[in-house]
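So the protein sequences, as listed, match chains A and B.
Mapping of the first sequence onto numbering that gives the first Met the number 0: residues 0 to 293, in sequence order.
Mapping of the second sequence onto numbering that gives the first Met the number 0: residues 0 to 361, in sequence order.
The set of hints was computed from the structure by calculation and includes no laboratory data.
Honestly, I wouldn't trust all of these hints.
Chain A is faced by these chain B residues, among others (derived, beta-carbon under 10 Å) [said to hold, decoys possible]:
hint, residue
1, 42
2, 43
3, 142
4, 192
5, 207
6, 212
7, 332
Beyond 12 Å from chain B on every Cβ pair, some chain A residues (computed) [to be verified]:
hint, residue
8, 32
9, 69
10, 170
11, 212
12, 285
13, 289
Predicted model, so just to flag it, every value in this text is computed and none were measured.
The beta-carbon is built from N, C-alpha and C at its ideal position, and this holds for glycine as well.
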Amino acid sequence: MGSSFTLRGLFAAVLLGTGLVAGVAVASDKGNPEAKRIVSIGGTITEILYAIGAEDRIVARDSTSFYPDAANSKPDVGYMRALSAEGILGQKPDLILMEEGSGPPPVIEILKASEVPMVVIPTPAKADAIGRKIRDVGAAVGLSDKADALALRTEDGLKKLAADVAKIPGPKKKVLFVLSLANNRVMAGGADTEAGAVIEMAGGINAAPTINGYKPLADEAVIATKPDVVLSMSRGDHTITPEQVFAIPSMQTTPAAANKALVTMDGLLLLGFGPRTPEAARSLAGQIYPGAIN
Amino acid sequence: MMKALAMPFRPADDGDRTRHGVVVLLLLTVMLFVACLLSLGIGPTGVGLRDLWTYATGNSASLSTQDRVILEAVRLPRTALGLLVGAGLAVSGAMMQGLFRNPLADPGIVGVTSGAGLAAVAAIVLGNGILAPVAMVLGNQFLPLMAFFGGLFNTWALYVIATRDGRTSTTTLILSGIAIGALSAALMGLMIVMADDRQLRDITFWNLGSLGGATFGRVLSILPFVGAVMVIMPFVARGLDALVLGDAAAFHMGIPVQRLKKIVIVAVAAACGSTVAVAGSIGFVGIVVPHLLRLVMGPSHRFLLPGSALGGGALLLVADSVARTVAAPAELPIGVITALFGAPVFLFLLLGKNGITTRDMP
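So here's chain B without its partners, still in its complex pose:
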């Protein structure tokens, strides 16, 4: 199914822009590397960059067991998880904005976030009640799996609603997305009414998002989904560039528009559903990162998509490093940090001379 989409990249008609794009990607790679070092090398414990070096060069025997546990069982999986979650959210945001030709589009618009949120709240509130047998079977993975399936279910429902005679209308998709989001919010409200004091606290903290509790199991569990979004990047970039001219024009340029929509929506739903499932809701990464990058590298998706992957990963790792050190040994929710940083940047972009308008889109 990919083959028809696998158009060769546009020949470099403007070599300057290509070179510029490559330079920015290299810079982003360096930033990501620094962010990884930061994430692995700082934390509320004394374990720092020097210990990391000792560990990486194979002299881990000279470290205490405690320090090794912190590097191996706490920081490594956490850095890997932050990388995947940040990259997944930012690439999903960039793809959605391209697909909907709407600079405000984010995964929330196709119902992933609301579906995952509703299912997670249901898991918290009904986990000791009617969902107890399911909770027993799934054990510790009960909440993330529920959230994942909730996100996919909403996206699937939305897709079925917005597809008539094999054609998916973008407008219907956005409008039904709003309706389904409202319905999910209402059902979530019902759950919250049923919740007791403890469950309300759990819901609050889940909603604020956190990379706390990262394990390699969780990293592996979201890897296929975030990986899928990364893998399709080169195949959908040209299609997304063409879509700016409208569905019909893109179709006449030889883009299989319907298939492109399907693939992007499913990949984004899987990537976001799985990240929301393991890390809760983390806002603004999907909106802010692609916008910042459009300013520095232009709107072409062949650079914007990989750039978003690198930039999203770096941003989330930095945000997480802040989240776990400023209040150490306690921890702030990462959603608080991304919103504190993201919202002002978003406003700045909106008000600046490079204000966000649809002309920023390719």
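The shape of chain A in the complex, shown without the other chains:
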């Protein structure tokens, strides 16, 4: 067979071909105070734009941008990880603002090549990164003063919360974040997740620190985590009830089941890491430690 397989030649050709797309334009990093047609990708980014009074300049948003309600009336360019280049360019944007991790990468490449100014906002799941995110968005649209004020308010709220949380008496409670309950399997929020970070802000302990990201947890692992509280997201019409959660065999022996301790909160509010995070974490703390905080 040897000589008729010219695989080496094929490899060389594909490397040559794909090499041609390397080196496209880089994202703009300057402020765009004159931008009047902003496409906003990412729920928290949109939320911040509304909070600093840039809502009239948004022409379209992605499907994760559903707060505040008014955002829903803007055209939807699709899910932030499955964007369409023409869909976005068709809105004739003069600024594309997107959360880090938006994609898919080839579409981002085309958007860069289109030379429409584009700013990518880093979004680490950390309390102390929220201020920076707000300021980044403000700087990108030329509203640094308003963003700075909002960031200071948010940081202040987080500091007050931390002080209040420190005063809560008694042992800290273990909180298990449940992303979904498909087929009786618990998809939990582990280390390095927004859920884990917000649980800690609220004075709790993430019950599943041994997994990374959002992953299914083995039944025995669920039992071993011994959560005092189960935290989940409410989704409009179908909210998970304590009966549903604690009917799952692996959940039945947990302290949370004994007290029917289930907290459900709006997903974007809980995991968004934006200006509403102090409010979200405070509300969570109040539900984990009833009466100890308000």
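Position chain B relative to chain A; hints supplied.
Leaving out everything else, chain B in the frame of chain A:
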């Protein structure tokens, strides 16, 4: 190596069938042209056929920069990519069905799709982990290149397994194809277990296929491979026609059977590996297009292969036009459209009076 296969076409013993074949090819060419216009002329932006005309006649200065970017950087490469991917998949399907004398054969059977899929999922899941250095070197081309090499690797492994004493057994090839497909699926499952929430979403969307993100670089990167399949069409058509009588009979008719298999498998692996790499998995084009064409132009490969190229390109361009306009400004995955269209057509063919049986093969 091609020379021995380059038999002159069969003399037109039945002139009617030849004329019929030529007429169908001409019709398909017209369809493809219309599909190209459709693909270039409609989209979620207001840029339409009139702007396309303005652009094509050299008056592009009167268009806004935005409209020019949409025509040049978004639609032109996307149309070219759709054409190549559709043609590559359909011709590969037609060749595989001829080679395996099996109307259900598609590139998946030689492990291209599963190998490319496994490598792509590995790229998504391990790209920040143990494969990070590779990802750094390959940059944005990391995922497509991984998928391409994954497809070729599986095909090569399969070929080595199925070849004994210089002879490749079709049955062993199909059966080991199933085994290797299962192994790839299992390894993919392992990757999925390791994946986090974001990676799972990436895997899902990659699996559904998309022509989004087409660039001329991507078009050029798959052109040699899809081109190779097109170039060998006239050289393998007669051999594939003869194979219907069985390996031995074809050999006695003077067809270098072993070489024919090798060439077809390598060409199909390269074409499909590269298309899966740039567009994800797009199902049903490779199965449905050759079947539809066999109904209208007969089973002879000298018309079926070029017909599949034209028809596959046209079908994919139409599917893509639907994918990017029905939910605009968002976009549907093209694999969803081809399956929504392809599966019912396939069932219809199966149940109709022209039901698919092996007697449809030449």
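Hints versus structure:
Contact between residue 42 (chain B) and chain A, as hinted, is supported at the beta carbon level, the nearest pair being about 5 Å apart and thus within 10 Å. Among the interface hints, the one on residue 43 (chain B) holds; its C-beta lies about 4 Å from the nearest C-beta in chain A, closer than the 10 Å criterion. At about 8 Å, the closest approach between the beta carbon of residue 142 (chain B) and any beta carbon in chain A falls short of 10 Å, and the interface hint on this residue holds. Hint status for residue 192 (chain B) relative to chain A: holds, with the closest Cβ pair at about 8 Å, below 10 Å.
Annotation: interface hint on residue 207 (chain B) holds; nearest CB of chain A at approximately 9 Å, less than 10 Å. The beta carbon of residue 212 (chain B) is positioned within 10 Å of a beta carbon in chain A (closest approach about 2 Å), and the interface hint is therefore held. Here the hint on residue 332 (chain B) is kept, as its CB sits about 8 Å from the closest CB of chain A, short of 10 Å. The beta carbon of residue 32 (chain A) sits about 21 Å from the closest Cβ of chain B, which is more than 12 Å, so the claim that it is off the interface holds.
Residue placement check: residue 69 (chain A) keeps its beta carbon more than 12 Å from all beta carbons of chain B (closest about 19 Å). Once the 12 Å rule is applied to beta carbons, residue 170 (chain A) is consistent with being away from chain B; the minimum gap is 30 Å. Once the 12 Å rule is applied to beta carbons, residue 212 (chain A) is inconsistent with being away from chain B; the minimum gap is 3 Å. With 12 Å as the threshold on Cβ separation, the claim that residue 285 (chain A) sits away from chain B holds: the shortest Cβ distance comes to roughly 27 Å.
With a closest Cβ-Cβ approach of about 30 Å to chain B, residue 289 (chain A) is found to remain outside the 12 Å limit, as its non-interface label requires.
Checked against the numbered hints above, the structure breaks only hint 11 and satisfies the rest.
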